[in-house]
Amino acid sequence: MTPPFSRVLVANRGEIAVRIIRAAHEMGMQAVAVYSDADATAAHVRVADAAVRLGPAAAAESYLRIDAIVAAALESGAQAVHPGYGFLSERATFARAVEDAGLTFVGPSSATIAALGDKLAARRLAHSVGVPHVPGTLEPAPVDRPEQLAAVLAAGSSVGFPLLVKAAAGGGGRGMRRVVAADELPAALVAGSREAAATFGDGAVYLEREIIPARHIEVQLLGDATGQVVALGERDCSTQRRHQKLIEEAPAPGLGETARRRLHEMAIRLGTAAGLSNAATVEFLYDQDGSFWFLEVNARLQVEHPVTELVAGLDIVQEQFRLAGGAPLSARALAAADRAARPGSHAMELRISAEDPARFFAPAPGRISRWVMPAGPGVRIDTALEAGDRIPPEYDPLICKLIVHAADRAEVLGRLRRALDEIEIGGVQTTLPFHRAMLAEPGFAGATGLSTTWVDSHWDGATSRATAVRAALLAAGLAELGETAPDAPTDIPDATLPGAARRPVTAPGRAGNISAWRTAGRVGATDRWPA
Amino acid sequence: MIAGPSGEAGAPAGRDDPRALRIGVAPVTRLDGDPSLSLAPAPDPATRLPQDGVAGPGLPLVDGAPTNVRLERFGEVRARLVEIVGDGSTGPAARTDLLLGPVRIDRAHGTRVREVVVGGWRIEVEVELERRAVLRERARRGAGAVVLGGPVEVRAIIPGRVVAISVAAGDAVEAGQQILVVEAMKMQNELRAPREGAVERIGVAVGDTIEVGDLLVVIH
Chain F
1 MTPPFSRVLV
11 ANRGEIAVRI
21 IRAAHEMGMQ
31 AVAVYSDADA
41 TAAHVRVADA
51 AVRLGPAAAA
61 ESYLRIDAIV
71 AAALESGAQA
81 VHPGYGFLSE
91 RATFARAVED
101 AGLTFVGPSS
111 ATIAALGDKL
121 AARRLAHSVG
131 VPHVPGTLEP
141 APVDRPEQLA
151 AVLAAGSSVG
161 FPLLVKAAAG
171 GGGRGMRRVV
181 AADELPAALV
191 AGSREAAATF
201 GDGAVYLERE
211 IIPARHIEVQ
221 LLGDATGQVV
231 ALGERDCSTQ
241 RRHQKLIEEA
251 PAPGLGETAR
261 RRLHEMAIRL
271 GTAAGLSNAA
281 TVEFLYDQDG
291 SFWFLEVNAR
301 LQVEHPVTEL
311 VAGLDIVQEQ
321 FRLAGGAPLS
331 ARALAAADRA
341 ARPGSHAMEL
351 RISAEDPARF
361 FAPAPGRISR
371 WVMPAGPGVR
381 IDTALEAGDR
391 IPPEYDPLIC
401 KLIVHAADRA
411 EVLGRLRRAL
421 DEIEIGGVQT
431 TLPFHRAMLA
441 EPGFAGATGL
451 STTWVDSHWD
461 GATSRATAVR
471 AALLAAGLAE
481 LGETAPDAPT
491 DIPDATLPGA
501 ARRPVTAPGR
511 AGNISAWRTA
521 GRVGATDRWP
531 A
Chain E
532 MIAGPSGEAG
542 APAGRDDPRA
552 LRIGVAPVTR
562 LDGDPSLSLA
572 PAPDPATRLP
582 QDGVAGPGLP
592 LVDGAPTNVR
602 LERFGEVRAR
612 LVEIVGDGST
622 GPAARTDLLL
632 GPVRIDRAHG
642 TRVREVVVGG
652 WRIEVEVELE
662 RRAVLRERAR
672 RGAGAVVLGG
682 PVEVRAIIPG
692 RVVAISVAAG
702 DAVEAGQQIL
712 VVEAMKMQNE
722 LRAPREGAVE
732 RIGVAVGDTI
742 EVGDLLVVIH
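Residue numbers (the numbering used here), protein chains in the order written: chain F, 1 to 531; chain E, 532 to 751.
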C-alpha cells in the first residue's frame, strides 16, 4: 500500500514523538524530528531520519515556535506535520500556518480546531446541537477589568460554588482553579488567567460548575473529508489528580450497551456539527445519576490513545496519517466503530511521571540511573527514555506509559501488577508507589469507587512512604556492613531459619500490593542463589 | 523514631562497636517523621538462634536489639531484605525487593549517601559511623541553644524557575503565607512560609533558575 506521504515532520518531543515516528516508519514514510537544545541527543532525534534544531530549551523558544517548525518542515522537504499532543497541537494558528505553507496538518482542520479547541466555543456548539454541557458561563470572564467585578461575582453565584475557573485554551488542568467561595473568585480568575497566558499564550478563562462525585469518560472519534464521523469507543480516565489523568482504561467499566451507544451518539453528533476530520476526543463527566455532561473536545491525539488502539484493534496514528492524506475512513476503522458498543477486551494505561507522590506530586526532574522496563504478553511501553537520560525540568514530567491489554478487566489488573513488579527506575522519584497502591485499592480494583476527586481526597503518600523508609534504612545499613565487614551475618540460608518449613504458601505477609507469588513463590529461587 | 535513647550514658549494646552505623534519610529528601536507626554487627558471631538449637551466625543489632534481618544481593543493584519477626513461628518472613544505588560521599556533611528504591519510593539514605553521629548531635545541641528562634532558611526542594516573589526583605510573614512561585515542568508551585517572622533576606530574583537546595528566603 502506497504511504500517504513520503516524508512527515513530527512537531513534538518525548514518548509521543517516538510513537509517531514509529507509525511513520511502519507505513514506509520518512520522519523528520525537531528538537530544543535540551533534547539534542534525545530518542526522538535519534530514531528520526533527519532532525532540525528549533532553539533553546524553553518551550516558548523551541517547541512553541510556529515559524521555526513550519520552516523546518519546508526545508526538510516534509509534506505533512503531525503535532502530537500538548505544545502546538491545539493551536488553530499553527494548523493554519501549516496549511498556508502548502503542507498537510495531521489533525482536524484549523477551522475545526478553532471551533472545538476553544473550550468556550465548543460549549456553545454543544448547546446548539442539544448535547448537555456542564453548567457555567459561555463567554470569557472579564479578568482585566475591575469595573466588571460585580458582574463576575453575579455570574459565579448563578453557576454556584464550588466552581472551577478554566482556561478557554486549556487542557491538563493548566490555568484551572477551584473556587469554593465568592470572595476567592477574583484572585482565582487572575491566577488562572496568568497561568493560562504563560502556558497557552491565551489568558481567557470561564466558569464551570464542579460536578462531584463524577467519572471522566471520553469518546475517541475519527472523521474523514466526506464528513463521516465514527466513534472507536470510550475511555474512563477518572483517576486524576488535580485534573491530571493518572490512569486510563477502555472500555469504561460498568457501562451497559445502551448507555454506551447513547454516549457515542452524542460525541458523533458534536463531531459532525463541528465538521470534524481526522482524530479528536469528546470528554464527558458521568454523574451518579447516570447523566453525561459534555466537558470539552480535544481536537488532537490524546496521551491515552493506546488503550483504544488495543481494544479497537487498530493504530490511531496510522489512521490519522491516512485520513490526512485524503483517504476515507478505512474498513478497519469502520469495523472497529461497529464493535465499539460491544467491546471484546480491556486495556489500561498508567502514566508514570517523574513526580513525588509523597509531596503532592511535585515535579521531580533529574537523571535516570537505572531503567528496566517490563515485558511479556500484553505489555506495551511507550517511552523515549533510558538509563543515563536526563529528564529536563522544562517539559512535562511524563516519563513512560505502561499499557496492558487482556481479555477482561480482572486479567488486566493482574497483568499490570506483575508488570509493575518488573519495573526498575532509579535516580528520580516516580509515581510508581501511587500506581502500586491504586491497583490494591478495592474501590479501584472493583471499579466501584471511580471518581475524579478520589486521589485528591484519599491518597496518603507520606504513610505509604514511611514503610518503605524503614526497609531502605535497613538495606543501606546492611549493605554497608557487608562491604566494610566481610564476616557480617548477611548470609543465613533460608532452611536454617526457624519457621521456614512452616511458612504458609498463601500467606500475604506483606503489603497487599505485592502478589502472593512474590512473597511465597520465590523461596526456592532464593535458596538457589545465596547472597 | 525507631531509635532508642541516644548514645549517652546507658547506650544500648552494639553502639560501642567501632563499626556501628547510624542510618537516616538524607537531608534533601527528608520528610517529617522520617526515622533513623543504628545498626551494629552481631557482637557474638556464634549466637544460637532460638528454638531450633541450630548454631548459626549471630544477628545484627538494630537500635541495640538483635534483629532477624538480612540482605540478599542479586548482583550490584538488585537486593532483597528478609526480615523475620519474633522466632519466625508466627508468620512468613517479610521479603522486600529493592534497588541499591552506588554510594556517593556527601562532603558537606561528611557522610556516605546511597539511593535505595523500595516499591517505587526513592529514598536517599545517609550512613555514618555511630560514634561520629553522636559527636555531631552533641555539637548541634550546643549550637541549638544559641540559635533558638533564629533564622529559618527556606531552600528549594525542586529545580525550576522563579516566576513571582510575593514578599520583600523586611516584610512580616505569617506561617503558610505565599512567599514565591516556582515554575517547574509547566506547573506553577507556590512556596509558603514555614513559620511566622520577618523576611531577613531573599536569595533569588524573578527569572532565576534554581536547583534543589538553593537558598530562597531567610525568615528571622
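A portion of the hints provided could be inaccurate.
[Claimed, not checked] Some chain E residues close to chain F (C-beta under 10 Å, calculated; not the full set):
| no. | residue |
| --- | --- |
| 1 | Pro558 |
| 2 | Arg663 |
| 3 | Val665 |
| 4 | Leu666 |
| 5 | Arg667 |
[To be verified] Facing chain F, from chain E, some residues (calculated, C-beta under 10 Å):
| no. | residue |
| --- | --- |
| 6 | Ala571 |
| 7 | Pro591 |
| 8 | Gln708 |
| 9 | Met718 |
| 10 | Val730 |
| 11 | Gly734 |
| 12 | Val735 |
| 13 | Val737 |
Keep in mind that the hints were calculated from the coordinates and are not lab data. A quick note: this is a predicted structure, and the numbers were derived from the prediction, not measured. Note that the Cβ used here is the ideal one computed from N, Cα and C, for glycine as well.
> Okay, which hints does this one fail, numbers in order?
Replying inline: 1, 2, 3, 4, 5, 8, 10, 11, 12, 13
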